[in-house]
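**Q** Letter by letter, the chains look like this.
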Amino acid sequence: MSASPVRRVLTLSTGLAALVALAACSTPGAKTTTGQGSAATGDLKIAVVDAQSGQNSALGGWEYKGAKLAVDQWNARGGINGRKIALTLFDDQGDPTVGTNLASKLAGEGYIAMIGTAESGVTVAMEPTLKAAGIPNITSGQSNALTAGGDPFVFLNGPTSTTYDATLAKYVIDTKGLKKIAMITNNGSYGKGEHDAFLAELKKRGITPLTDQVVTTSQTDFSAALTTIKQKNPDVVFIGSEEVEAGLIVKQARSLGITAPFAGSAPQGTPVYVNTAGAANAENTIVSSPYLSNDTSDASKAFAAAYLAAYKTTAELHGAKAYDGTEILLTALKTSNAATGAKLADAIRATHYQGLLGDFAYDSTGVGIFATKIGVIKNGQLTAIG
Amino acid sequence: MQVFLQTLVGGLSLGAVYALVALGFALVYRTMGLVNFAHADVLMVGAYVASTFTMTEHLPFAAAAAAAIVVTALIGLVIERMLRPLEGKDFDLMLIGTIGFGIVLEALATLVWGATGRAVPSPVQTAPLHLLGASIPSYDLVVTAVALVAMVALSLFLERTRRGVAMQAVAMDYDAATAVGINVGRSNAIAFAIGAGLAALAGALVGPLLYVSPTMGGSIGIDGFAAAILGGFGSIPGAVVGGVVIGLISSFSAGHFHGYSDLVTFTVFAVLVMIRPTGLFGERTVVRA
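The listed protein sequences derive, respectively, from chains A and B. Per this note's numbering, the first sequence starts with residue 1, numbered consecutively. Per this note's numbering, the second sequence starts with residue 1001, numbered consecutively.
Derived by calculation from the structure, the hints in this document are not laboratory data. Predicted, not measured: the structure shown is a model, and the values here were computed from it. All C-beta atoms in this analysis are idealised placements derived from N, C-alpha and C, irrespective of residue type, glycine included. Hints are not guaranteed to be accurate.
[Said to hold, decoys possible] Residues on chain B that point at chain A, a partial pick, calculated with CB under 10 Å:
1. V1003
2. N1183
3. V1184
4. S1219
[Said to hold, decoys possible] Computed beta-carbon distance windows for the label pairs:
5. B:S1155 x A:S218: 29 to 35 Å
6. A:T335 x B:L1108: 43 to 49 Å
7. A:A148 x B:L1129: 45 to 51 Å
8. A:K176 x B:A1127: 26 to 32 Å
9. B:L1108 x A:A384: 57 to 63 Å
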């Protein structure tokens, strides 16, 4: 076979994939009928944009469940000033290109606010379009890149990587005295953010990592990186990677005989990470997270009970984050009497909210919470230390 | 030295999986002159079927893998049957047809098993072997052994059985094969069924190594396809060597170039293909329709 048919087919397949993506995007929003372009009357149109397919779809699923729970509760209480909240779900497939198309779609169809996405890279790609359209966006991303642009319309529903890793470094180095640290991170938006934030914490304490391994987001064999780590014999291995890849890394590390515990942030506290690694391999993973369990307060117990009743599955961090973010948005809509654009963004910034993750008070960069807690995986469950 | 050996071990077991994927690509191409772009998605279905049987039905791993092979072989037969009217008429449409089937399989898997995916426990729980400081996970040995057996069995089938020889005849000269009374349709159907079975075998084996999800075919498919091209498209030993070479290149480039490893792997691949456009073992090209 000559080269040209192959190239043609590859181009075609990319084209087809794009078409399918577009088709997938256009279906979910089709049923919304009222309030087109105007926020003065009719339903309040809010979009959830999250991966519902692909490797990070678990994340998108949790996020949607949390957001929907908050909206359903508000609607059950009569909505906002008598107006119903219409929540529409869009699948960004965890792909920045799809995300950018969706941003234009939200602008064109008169959505007043957006919940999501769960991936920093996708949200960063969507920001310029959302900013131009004046659509406030509450994201579950935690990369510092989200706030670097000074966009007044982007808000985080949790702490940034800096906060996660400052708390983690404080516990691992200052409290436990573990100073022989190896790092393994991926070169995606999240992994890069974790890498830079944790390295900055090490530098503050004058510590150089024994080794600093970077892997790609699609890698499946980590032999070279892990063998190098094993030879350095670290006390603890910092890991900056999403749930599935982190699980694979830890599984392979244990089979290569690395016994040191791993330390990371939110993804390492999830059941997907524990299942992928295997519960025995994930044991003693140190996790920095703003939401360690459903039993920490009355609010989290009530949330977990409502979540369980609605979805027949146990609540976890990402659902809680999205729930908090959505509550903040809806509170701001109520206090601003359903304002849109810059006024709504200002109202979100002014909202002080006692959430599941802690007390939210937004600063000018769009970050509202500045603390995490430390937990450890014991018998496959994330549990608070102490 | 230890890093080198360990990287070698990792690359070889990854290469064994790529080789299985490449074998399926090569077999269908060799018989029909067609690239089956649904191949990676058939692998994904195989991984799901096998893991479903081991995790919920608690069948032994070998039985689950066999069941997966049967199920996907049937899918292969369906794909071939639906493409058959186009055989010898419109080659491009057949290619696009296989892409379409891939998308359909991914969508079906999302409907049946959900988009989230699942982690599959390893069927071999024994401790890894140690050799010169490198540790060799016992499951990797199983994967490599199964890949080798599959390759030998496939070669024997093609060279030593009437059916296999007939399939090769179809590949060499479609019209002459038809003239001497070989049933070309059946030959193609068998190629598709065996190709799909190989994909299922690869899927069943790779499930416990990776994470099974509807989109898992993507990167494995690309690496397997690259392996088949590198080996010389349509060549059975070439597919195996290509798989191992791609596995080793990705492992070593991951060790040396970290975040840029994909870039390096495929640059090396592009250079190799430029030097030998017909691949390592490709002595001829099949051009049909």
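**Q** Each hint needs a verdict: does it hold in this structure or not?
**A** Structure-based check of each hint:
| no. | hint | verdict |
| --- | --- | --- |
| 1 | V1003 | 5 Å, holds |
| 2 | N1183 | 25 Å, violated |
| 3 | V1184 | 19 Å, violated |
| 4 | S1219 | 5 Å, holds |
| 5 | B:S1155 x A:S218: 29 to 35 Å | 31 Å, holds |
| 6 | A:T335 x B:L1108: 43 to 49 Å | 47 Å, holds |
| 7 | A:A148 x B:L1129: 45 to 51 Å | 48 Å, holds |
| 8 | A:K176 x B:A1127: 26 to 32 Å | 29 Å, holds |
| 9 | B:L1108 x A:A384: 57 to 63 Å | 42 Å, violated |
Violated hints for the displayed structure, listed by number in ascending order: 2, 3, 9.
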